[in-house]
Amino acid sequence: MLEIKNLHVKLEEEDKQILKGVTLSIGAGEVHAIMGPNGSGKSTLSYVLSGRDGYTVTDGSATLDGADLLAMDPELRAAQGLFLAFQYPVEIPGVGNMTFLRTALNAQRKTRGEPEISAGDFLKLVREKAKSLKIDAEMLKRPVNVGFSGGEKKRNEILQMAMLEPKMCILDETDSGLDVDAMKLVSEGVNALRSAGRSFLVITHYQRLLDHIKPDVVHIMAAGRIIKTGGPELALEVENNGYADLLAEVK
Amino acid sequence: MGAVSVKAEALVQRLAGLARPSGLAAAREAAMARLTGMGLPSKRDEYWQYTDPAALNAAEVKPADKEADNTALFGGLDAVKLVFVDGVFDAGASDDLALTGVSITRVAHALDTHWAQTSYGTLEALGQSPIARPWAALNTAYATDGLLIHVTGKAAKPISITYLRHSAHADAIVHHVIKLDAGAELTLLEQGPAAARLNHVIEVDLGAAARFHHIRAQGRDLGRHAVTHIFAQLAAEALFKSFTLTADGALTRNEAVITFAGPDAKAHIAGAAMGDGAFHHDDTVFVTHAAERCESRQVFKKVLKHGAVGVFQGKILVKKGAQKTDGYQISQALLLDDDSQFLAKPELEIYADDVKCSHGSTSGAIDDTALFYLRSRGVPLRAAQSLLILAFLADTIAEIEDETIAEDIRAGLETWLARHED
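If you're matching them up, the sequences are chains A and G in order.
For the first sequence, numbering that gives the first Met the number 0 assigns the number 0 to the initial residue and increments by one for each residue that follows.
For the second sequence, numbering that gives the first Met the number 0 assigns the number 0 to the initial residue and increments by one for each residue that follows.
Misleading hints may appear alongside valid ones.
In silico DSBU-like pairs for lysine-lysine, Cα to Cα no more than 35 Å straight-line [unchecked claim]:
| # | chain 1 | residue 1 | chain 2 | residue 2 |
| --- | --- | --- | --- | --- |
| 1 | A | LYS140 | G | LYS304 |
| 2 | A | LYS9 | G | LYS304 |
| 3 | G | LYS80 | G | LYS319 |
| 4 | G | LYS304 | A | LYS152 |
| 5 | G | LYS265 | A | LYS140 |
| 6 | A | LYS109 | G | LYS304 |
| 7 | A | LYS166 | A | LYS19 |
| 8 | G | LYS319 | G | LYS355 |
What the hints contain is simulated information worked out from the structure, not anything from laboratory work.
So here's chain A without its partners, still in its complex pose (with noise of 0.2 Å):
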């Protein structure tokens, strides 16, 4: 599904190199889980991937069912399957949640030549997506994320996944920010959409919200590369010990 090879990045302003050639692979229906200290490159992984300015490929390749991602527009990669949750989703005042959902939705689907959803058809589809993740029809009548709570915000991140169903899902520390019921909920609708075909990249500084979306690899990420990879097992390992045995090891 993804493949992501060797990858190195340097941010664009300043001559900083973030990622130092990060290799990974994740096959379909798999859910992969990156952890790592702060700085570590989590998130300038999350956010090259889906095609955010700011940032300098200098090496390597990422790609998703073989289609280079790296030279797409971000609206491409989404309508070919990406998706990114981001860690702090964006407020966009005067853009009603519904047009937003309906807007994106049918953006992909006329990309990929599919035909538009009807008004009736997306309506019904978007309250029985919202009513499991316990979004009521205000939050979907309010402009897209302005005056959600943490926890809201980040279910309605998990209810564009949704309706948007990508095949290839980044989490970027969808945790942060949750209280413990939000993250129940949270996780339970990203298990919900856990598929044979569909494949998640949970980046979380924390063991915790891997209980609730069990990973079948994780990865140790330092200093720009990926240094340790393991099961489940790992993560229980770093939330017992910290990274520093982690990092001295590899050093």
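Position chain G relative to chain A; hints supplied.
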């Protein structure tokens, strides 16, 4: 030559080609006296520093040589439809001037005995202090056409005026007087390019608890030079709501002069302007709170690209005794490139001690983070930009109460955006 004589000289030249119509003679005579005292604006005047009045002052009309876009809005609305061509009422193209609860007369047909004799020019005259508005006085003196609308009850339907431009040289002077009796209601729609050069005045006199809605779409016409004034006076508990969309126009100066004469009244005035290239758009607003517990809102937004210039001069004056005033003012510009310019002068002058007044003014580019967020969800760049531009203007459109009309305005904005993608 001193500044005063320059202005007087400019006036003489400007008036050379104009003839003063005969009806409403006393009001026109009084306006002429005001005008002679003021002369025409010059760039030295405090409120003309950001907008060069030369094209308005010139004896000759700058030809509007590009085709005007006369595409109709508000088509789906059941309204009394009236048409002006190059500033002159076209009876053949208009509905009958008959509407339950409303009497409508053409300015061109008004006799000196007409009810409007005591209204025509009255609010304009009051609006000359403390800031002179010579174009409005000239309009009162020289207006060749317009409508005198007296509303005694709830108007059965909106009055919808379409201004078509056929000539590239017309110098139109249009003056409407709208008087709503206590408790009366009217919605006035205006649209269209109007004329190569347009001087437009509306005087709105609202009786107690009268409700007036005004939605104006200054049609797409790249060559138009326009100066417009709205003078409104509100009695107790009256409601005044005015929204203006300006898309294109070489020079547009929209002035609004609003006075609260009775308590508990509300006036909201909003403007959305979009310009690409040779576009100079000026909103100059003066709101006077002279009564208690009134609420005023000024919401002005401009989208500017390729060297377009936006100006906002907005003032809230709270007079002594106008306690519990709630005044709000926001002016913002979205600059789509580095060539465009926004000049803003917000002013508050407050002589009462128990009031709530706030104002804000910003200019900036499209938010990159929001743009990326939309694109990451699959919305293509252009569509994402358009969505964010419409979102930026949303607060102005929110001032339109009728959702059908708001939707028409939104559609007009979308059309404009689609044509100006590059």
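### Query
What are the numbers of the hints that this structure violates, sorted from low to high?
3
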